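**Student:** These are the residues of each chain, in order.
Protein chains: 2
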Amino acid sequence: MKWSHWLPCLDWGRRYDRSSAAQDGLAALIVTLMLIPQSLAYAMLAGLPPVAGLYASILPLLAYALFGSSRTLAVGPVAVVSLMTAASLAPLFPAGSPEYVGAAMLLALLSGVLLTAMAMLRLGFIANFLSHPVVSGFISASGILIAVGQLKHLFGVSASGENLPQLLPQLIQALPGTHGPTLLIGVFSLAWLWWARTRLKPLLQRLGLSAPLASNLAKAGPIMAIIAAIAAVALLQLEQAGVRVVGVVPQGLPGLTLPTLDLDLAVQLLPAALLISLVGFVESVSVGQTLAAKRRQRIQPDNELLGLGAANIAASFSGGFPVTGGFARSVVNHDAGAQTPMAGVFTAVGIALSLVLLTPLLHDLPQAVLAATIIVAVLSLVDLKSLRHTWRYSRQDGAAQLATLLGVLLIGVETGILLGVGLSLLLFLWRTSRPHIAVVGQVPGSEHFRNVERFAVIESPSVLSLRVDESLYFPNARYLEERVGELVAARPRVRHLVLMCSGVNLIDASALDSLQAIVERLRTAGVQLHLSEVKGPVMDQLRRSDFLQTFGGQVFISQFEALKHLAPALSSQPLSMQGKPHEKRS
Amino acid sequence: MKWSHWLPCLDWGRRYDRSSAAQDGLAALIVTLMLIPQSLAYAMLAGLPPVAGLYASILPLLAYALFGSSRTLAVGPVAVVSLMTAASLAPLFPAGSPEYVGAAMLLALLSGVLLTAMAMLRLGFIANFLSHPVVSGFISASGILIAVGQLKHLFGVSASGENLPQLLPQLIQALPGTHGPTLLIGVFSLAWLWWARTRLKPLLQRLGLSAPLASNLAKAGPIMAIIAAIAAVALLQLEQAGVRVVGVVPQGLPGLTLPTLDLDLAVQLLPAALLISLVGFVESVSVGQTLAAKRRQRIQPDNELLGLGAANIAASFSGGFPVTGGFARSVVNHDAGAQTPMAGVFTAVGIALSLVLLTPLLHDLPQAVLAATIIVAVLSLVDLKSLRHTWRYSRQDGAAQLATLLGVLLIGVETGILLGVGLSLLLFLWRTSRPHIAVVGQVPGSEHFRNVERFAVIESPSVLSLRVDESLYFPNARYLEERVGELVAARPRVRHLVLMCSGVNLIDASALDSLQAIVERLRTAGVQLHLSEVKGPVMDQLRRSDFLQTFGGQVFISQFEALKHLAPALSSQPLSMQGKPHEKRS
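From first to last, the protein sequence lines are chains A and B.
For the first sequence, the numbering used here begins at -18 and goes up steadily by one.
For the second sequence, the numbering used here begins at -18 and goes up steadily by one.
To be clear, the hints were calculated from the coordinates, so they are not data collected in a lab.
Predicted model only: the values in this text are computed from it and were never measured.
Any given hint could be a false lead.
Same chains, same names: a pair is fine if it fits in one copy or spans any two.
[Stated by the list, open to error] Below, computed lysine to any residue pairings styled on SDA-like, alpha-carbon distance capped at 20 Å:
| no. | residue 1 | residue 2 |
| --- | --- | --- |
| 1 | K516 | I418 |
| 2 | K133 | G393 |
| 3 | K275 | Q509 |
| 4 | K275 | R476 |
| 5 | K516 | I204 |
| 6 | K545 | Q232 |
| 7 | K366 | Q522 |
| 8 | K545 | G534 |
| 9 | K545 | D243 |
| 10 | K275 | R504 |
| 11 | K133 | R373 |
| 12 | K275 | A470 |
When you get a sec, could you build the whole thing from the sequences and use the hints?
**Tutor:** So this is what it looks like as structure tokens:
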């Protein structure tokens, strides 16, 4: 294992030139303009002071640039992870309190350590627990939950809760106290952002701008909203009129601090940190893979784990909160021509400069504008049509998706995702617990054996031939015992059972125990077990137990050999019985 | 679905005759003699008054006889389930208190309802979560934990704890306070029971008794120990000397009572009830299957769930605690010639008679004798050799078994089993998350395609042929994306990718999403995906999505057809290149 395996930056860094720098610089400029409002907004969503979003957009980007393998992934605060942060911290501390801020840093540290450990121990496969329907249901439900949760900022009222049954009644009760000017700002921002998202670019093009320039300028829609809103608040003295604003934002770069290392709190936050890590990783990798494929590049899941782990550890040391690769931002970065993670470094510099120069201006930024930014961003995540597609494709997957969706909306983000994971594991067990086990017979005049229910084949009355179309392992070990018991109980004349293992890629310890139990039970009933067509690796593994010495039967190279040996009369049948098998079903 | 499906007793009841009754009666007598000391002892193990064990050995046996499908399973209190009962209740209430007794009844009710629900909803496959190595590690560790926990009764001291790190120090500290007479009784009982278990039968045979009679008499070893101990305590006035005895046992049958329906407590006990149900079911079914196979009978897992569910509900209404089918007792019942569950009914009558007639005699029974009974019974469950076998056979299964074993011993029964289940799921995911995906090429002059790394085959530079030897589903969906990305990135000249699906039995929604993502990514890289040799059921399912319309490629009947169409030059190669493929490895 070479050092450079863990430092992809050594690879692209060696060949870095002025042309790449120019392209990365332009992409970074556009991403910075997009990231400023987003990072402020997602910090607010996470229940943190807005400046924490900027803090989380400097060092994490540098850390990812060192260790990450995607050329164009843009790391930073993202909506879903911010929601999960809020969901795990809100029950513990008042939002925005120093304890809350410290706990968010601790959460980022835990998440970073978990991701790094997963990278070192090559445990990235754990993310497979999150099946696509579960992730899809989770993202859609999170989007709805976030959007509903932000409505309070739009109306200038108070409401809180970790699910719709808590949020909606509070919101409805609070509506009579709606603050007019706030609502006006909110609705205007929402309308502008919604319009700018799709219509700004064509308009700019009609005004004579080139397509790339129009596209890049259109990305600045949110920052324009922010500038306009700040100007309006300052000129019309709206803060005095009761419009809630961001307030004093500390100027300058974040200090390097250790998060509070409270062990009890760490243990309490660990499950949430694991979920945040997995969800963040899954999202980030799928964005990274999509973008890498466009240029026939590759990303390495282990490097992604390490990159995201380093980013989160960096976030925890600089006043941030959990981060990951964001979808929209990465696409913008890629489309704007970013060539290497140096674009991320330039973006970090851009955010750092804003922290030093622009923070006094952010004082008058209305929270309603940030809420509008969040709502427009997350509603694009909501994809309820996919539920219908999944359900039509597979009832089991549809059920897992629906359970996750409803669980997140009605109970909460963590319970919802655990519900979905649990259900998909259950349904998976159910689906694989009853593999196809066919009684096979000999195709007359050939050495082939086929399912007796589908083909006109010859069965020996004393030799039962079974073909198992699946690896033998714990989800189906017990079923194998049951099926063999049933089949033998129904055939009193049977003296030999030959298990045809052509489809068996693995026999785990549970299945080995089951085979041993089957041998014992068959023996007391006067039947001997044999195996045929056992694959090489499976045979190697069986040799590591004493099964082959003790089971008393033989291992035949083929089912035909088995029958030739165990029922010699059958295989030498007269030619008149031969013929092409009639296929009952394809 | 016929009524009789759920009432197997209708089946055997119709043909019940005097000869069966005689055989069942004899078996019941022997089982009753074995069950009296065991039920008292296991109630003590569960932290309940000993009489609760007798209560749990009447109605549950009748309920199982109605609904169970095993002819010879002997239901009642068993060691492992009693330990789990104690482990789940001890943190909540003082052992033996009325609240504790009520909670034990509630636990039995919950377990019964869960088992019944699993029967009705056909959810028995959930027991597959408990792989054999996990169950084996759990049983061995429970045996050790139970034996160590009973030592206090042998020494006449106090010690408690739910794992070895809690138990051992207390026990060692308490040893100086050992009560001499108690230890004497305990050691004598232990020695007698240990000797009687293997040596009594041969001795009785040498004394001229017939083998069956000697065998049956030998089963009465524990009851002889009890009688002798009661006599010794009464004659030598050992209770006054400080030997702890069972004390006043209420005479007569248990009243039918409802367990306290405390909803909060029920929610708290639910996870424990689920584990108890699953462990009890797994144990019971494996005993039942073994015994049924000996006579070429069958058991139905659904009926077993219902039978055990009914038994536990009956236990909860009659002052009992969770029960299941016991291994040793069922084997004795079977070997003694029991023909039908009527033997269980007779056993219940025997226990009821003892409750009416014998309870005054039980007052002087020393707890040390019951502890000795438990120790001898559970040490036969401990099988540490199996750990070595499992480890040698498969590192993954061995790790799961070891984790369960250590988890139970060092942390506790529930945590231990959850650790084992979690680890076996993790290792399973790990094992299946990287299926065998081979690049295949055409065997010269044939229509066959084989792994390019094992055979001398011809590859097309523009068409990449991949064979996936596994169903495509969520544990490996992401890996498929990665592998395809890697392989295509390494072959810049490739324009078509044909996925050969001969080994694919299922494509779930996660894999469908992955395929769609692969199509998108390949498209941006100028490569088109195609499928070949898709099985009928998989094709049917794909038709329920719009994948086949949108993916832009073709579905070929065979890999050869695909190549013929996509790279016509290759398949019409000159004959000189043909030949039998050299097999590099079998």
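**Student:** Determine for every hint whether it applies to the structure shown.
**Tutor:** Structure-based check of all given hints:
no., hint, in the structure
1, K516 to I418, "both (18 Å within a copy, 17 Å between copies)"
2, K133 to G393, "within (18 Å within a copy, 47 Å between copies)"
3, K275 to Q509, "between (58 Å within a copy, 14 Å between copies)"
4, K275 to R476, "between (61 Å within a copy, 14 Å between copies)"
5, K516 to I204, "neither (63 Å within a copy, 53 Å between copies)"
6, K545 to Q232, "neither (87 Å within a copy, 68 Å between copies)"
7, K366 to Q522, "between (46 Å within a copy, 19 Å between copies)"
8, K545 to G534, "within (15 Å within a copy, 46 Å between copies)"
9, K545 to D243, "neither (71 Å within a copy, 66 Å between copies)"
10, K275 to R504, "between (61 Å within a copy, 8 Å between copies)"
11, K133 to R373, "neither (36 Å within a copy, 61 Å between copies)"
12, K275 to A470, "between (59 Å within a copy, 11 Å between copies)"
Consistency note: the structure conflicts with the earlier hints numbered 5, 6, 9 and 11.
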